[in-house]
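*Asks:* Residue strings, one per chain:
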Amino acid sequence: MTVRAWVPWTKPWRQRRDFVICRQTLDRVQEIVDGEIPHGHTARTLERHLTACRRCGEEAEAIRTLKIAITRVCGECDPEAVAKLHQLARRLCEGREEIAGT
Amino acid sequence: MNGALTLSRPGILDPESRSGRPVATDLDTQNTRFEELIVPEMPFLARISRAMSHSQAEADDLAQETLVKAFRAIDRFDGKYPRAWLTRIARNTAINRDQRNREFLQTEDSTVEPEPDPGEVTNPEDIVLSQVVDENLRTALDQLPPSFRTLIQLVDVEGMSYQEAADVMDIPIGTVMSRLHRGRERLRKALSGTSLDPQSQNR
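Protein chains in written order, with my numbering: chain W, 1 to 102; chain H, 1 to 203.
Some clues are possibly wrong.
Claimed, not checked - List time: in silico DSSO-like cross-link candidates among lysine-lysine, alpha-carbon distance up to 30 Å: (1) K84/W to K69/H; (2) K189/H to K11/W; (3) K189/H to K84/W; (4) K69/H to K80/H; (5) K67/W to K84/W; (6) K80/H to K67/W.
Worth flagging that the hints you see were computed from the coordinates, not collected in a lab.
So that you can see chain W by itself, here it is in the shape it has in the complex (with noise of 0.2 Å):
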């Protein structure tokens, strides 16, 4: 007797079930490296799936890495355009107090 990839908890269901979660992670690795995923059932899921399958846990570490080292690039900034905002935010300050002081 065959069974059906349908039957729940077969061999074969499982199997494709395993098939359609890693499709689903892949989809979303993003959205999960990201924090968009809502926790719950879903979430979980995807998560226990990155740690299980070797090729969506790589494509996740790829993002996680690339994120970390943007920050680190792009999260300092010029100081000294800084200064130049800090100052120009002064001189509007003051050129209010005069408008009011007039």
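Use these hints to put chain H onto chain W, whose structure you have.
*Replies:* Showing chain H alone in chain W's frame:
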């Protein structure tokens, strides 16, 4: 009544005053609001302006114009989410700036050469390898279209959610996701073979 005056510069002139004399307390309140809400966000403004621009000089102009606009409009600001508010002003300013060539709205590659930035601050603790990777990443980021780079900045560096980024950039959330994905793909392609690409060994 000086209704027209009040409308054109709301909050600056007291609507009750016929001589058009501004009310000091009102201005003081607005100065305080500006100093409390906007001034602490100067580094943030500098960062997003850089992400929306092709060069540091362009970024400086954008940040300053944004700051002046924010100052003028501070009385219309509800006080919630200063970063989102500033980003929206900066985005509109960038769109106006780029209206000539419409580069900011364009999602495809811009052909503008990235400007070499000699004033980079490198952390002495960083190992040499990571400096090389960072340099490559910086170059790759500079070559991204500003609309991609801005989203990467907002989500990865500033920690905004997709929905927040979609709101401040006035684009659908699906566009946020696809631009993030494509932007990151390009960065990874540019960095493939380096230590930043864990899959490089398998390819």
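*Asks:* When the hints from earlier in the document are held up against this structure, which numbers fail?
*Replies:* Failing hints, ascending: 2, 3.
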